[in-house]
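S.K.: Here is what each chain is made of, one letter per residue.
2 protein chains.
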Amino acid sequence: MSYQQISGGVTAPRGFLAGSAYCGIKASNTGRPDIALIYSPYPTVAGGTFTTNKVKAAPVRISAVNLRAPDVRAIVANSGNANACTGVGGIETAKRMTRAAAAALGLKDKQVMVCSTGRIGVPLPIEKMEATIAQMPEALGPEGSQAAAEAIMTSDTYAKSIAVEFEIDGKRVRIGGIAKGAGMIDPNMATMLCFVTTDAVIEKQVLQQALSVSVEQSFNRITIDGDMSTNDSVIILANGQAENPTLVSPSPQLDTFQRALDHVTQSLARLIVEDGEGVTKFVEVHVNGAASFSDARRAAEAVAKSTLTKCAWFGGDPNWGRIMDAIGYSGAKMREELVDIYYDGVVAVKGGVASSTPFSKLQEIVAAKRFTITIDLHLGSAEYTVYTTDLSTDYVTLNMGE
Amino acid sequence: MSYQQISGGVTAPRGFLAGSAYCGIKASNTGRPDIALIYSPYPTVAGGTFTTNKVKAAPVRISAVNLRAPDVRAIVANSGNANACTGVGGIETAKRMTRAAAAALGLKDKQVMVCSTGRIGVPLPIEKMEATIAQMPEALGPEGSQAAAEAIMTSDTYAKSIAVEFEIDGKRVRIGGIAKGAGMIDPNMATMLCFVTTDAVIEKQVLQQALSVSVEQSFNRITIDGDMSTNDSVIILANGQAENPTLVSPSPQLDTFQRALDHVTQSLARLIVEDGEGVTKFVEVHVNGAASFSDARRAAEAVAKSTLTKCAWFGGDPNWGRIMDAIGYSGAKMREELVDIYYDGVVAVKGGVASSTPFSKLQEIVAAKRFTITIDLHLGSAEYTVYTTDLSTDYVTLNMGE
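In the order they appear, the protein sequences are chains W and S. Numbering of the first sequence is given in this note's numbering, commencing with residue 386 and proceeding in unit increments. Numbering of the second sequence is given in this note's numbering, commencing with residue 386 and proceeding in unit increments.
No lab work stands behind these hints: they were computed from the structure. Careful, some of the hints might be misleading.
Said to hold, decoys possible - A few chain S residues that face chain W, going by a derived Cβ cut-off under 10 angstroms, partial list only:
1. Thr437
2. Cys470
3. Ser614
4. Val734
Beta carbons: idealized from backbone N, C-alpha and C, even for Gly.
Starting from the given sequences, assemble the full structure and let the hints guide the process.
M.R.: Listed below in structure tokens is the structure:
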């Protein structure tokens, strides 16, 4: 392992401050902080990836533009309201959030990234938020990561945070991240927000590329309910305080950075899945032997999203027939008589039919809180993995009303 | 209306017999008949459409071949076991089902269509079934439709049946149908079986074309859980006992036949949705103003299949934000600021943002057991409709185990 895990989340990297405040954005809010602020007093380069949903929340539109600015210094984010489907007024509201944070921190508006998460279609109480944000610099601190992580939670049951430290050319470099998830989680982003900071010295273009690669291997591989959100955002800020020689591409140093970043994003992605709404099981669906990458992905995603496979897992029923069924309609190239399926390495299906493994053995595996389904299509060498969950009665209950 | 509804299901058309028998296919079976037989002593022409899932149950493979035979006379179908993912042995078993029915009725094997529905991956108890099928001619009768409809039920809570009568060139013509559904229901067929009979005189090719058109407007437009089954089959038999002049294409007489057939398939499709597993609401999702037919379909299917919209409906929450979200990720061409959404004709979203309709008014609509969501994309004139349901805690509970 070329990195070690440390504490401190987004404030683990040197020179980052974070904090939160309570504004009362949601009518039903019970005093829990609902605005987070992350800030670097030092110049940064920034990277970001956003939802591919054609319905994009106002803050996503503003952040995508501000990402082009040369020196992004802050991220302001609220929970309790998505500021999505709010029209021209919503765009203005998102801009006012950046303006309020910029004024409080002595920045230009475009140096601030903005994110929102919560219910769609409801206007934000922007006057109240402006007043709150104006006071937030007081709340910022070098140990404020946990407060920020808690302020972006919606139906999350715990705050998600991680940080790692590693060495590049004799300098200690750190990467830290916080995230929220819980619902509307699907490959290609979800209602998930993830903020990553690093004190590495790295060029903007190299940072963006590293982030894109990392997101593809983490947040784009998770699914809870198959619904892709309007607000997904992953943002990374690098402020160069580690004073390592600038990371260039390709280089062994960048590989080291990439591995550490991948660990951060994958850890947060896993935490999001494990803490998904009503989730009782964490399931890794691995497809190999596919004729192409896109076949592997289609098959894995169809299995990972199937309502019926997920209900069966919730009930501890191995039901590999539903897995065969999902592969069959996935659109992936497949030949039924070639398919093998394993549960935690134990063969359940061999050549498209039941193996001799006793059903009770498979039931034992599916009774656990975590297990892996491996599907070998025996048509090629492409593979893909999706991290998914069961579908529980609690998920339905949680999503019956706002 | 050019047709009138009558009773009698598949035995309403002259010269068709039907019946059922109890075999005990499922270990947990409690004496409910589980094999259905439909038979025409008169020569017939046949049509059929089958699942597009690449994993096809053995009976689907055999029926697709036998459909090419010139004079199909019978359909034998069992519930409680899908005979899917059962390998070469499963193919042999499906053939033995046709052989047993053919022997009992004095037919050739290929004059028999075969269908199965139930759990995937379990061998059928074929010896026991052969013994049962051998006795089934005794059970056949001109009023046996209801018995056959009941024998193909799985998690259905009631038997689904309909028949209509109409006039062609002075002759009374009848079409009757039975169906089963309940789970794994998705556009492009589902674990649904539907058997239609008619006494019309019609050529095989014209009959197949009429059936394909009809299925496209009915069974291919319904979704309960988004999972497409391995066993879906719609089979039609026409025995010519109405003695009408042969239906040719195109002709006003064929149009009359088509309308009546569409009524039969659409009625059965609706019954399948309404009786879906754990269903508490029947929702019609209508998209219009789409740039193309495929855009309209994508948008409608995304909304109709979204786990989150379906959970919200279950809870009586209009939550149009989740509908916007689903349209956004559907892949359909759309511009957020042009979208209007109506609940039973009441505007909820105008130009991509909340309308002035009070939320309580929308709640009132969604509280009902049936309502229609109309989405206008304002980009063209293409439209599409999908019939769907809510997603309830009962659905999850029903699908937790076998």
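S.K.: Does the closest beta carbon of chain W sit nearer than 10 angstroms to the beta carbon of S/Ser614?
M.R.: Where the cut-off is 10 angstroms and the nearest Cβ of chain W is about 7 angstroms from S/Ser614, the hint holds.
S.K.: Was the hint right that S/Cys470 lines chain W, CB cutoff 10 angstroms?
M.R.: holds, 5 angstroms
S.K.: Does the nearest C-beta of chain W fall within a distance shorter than 10 angstroms of the C-beta of S/Val734?
M.R.: holds, 7 angstroms
S.K.: Holds or violated: S/Thr437 as interface residue toward chain W, Cβ cutoff 10 angstroms?
M.R.: With a minimum Cβ separation of about 8 angstroms from chain W (threshold 10 angstroms), the hint on S/Thr437 holds.
Against the hints set out earlier in the document, no violation occurs for any number.
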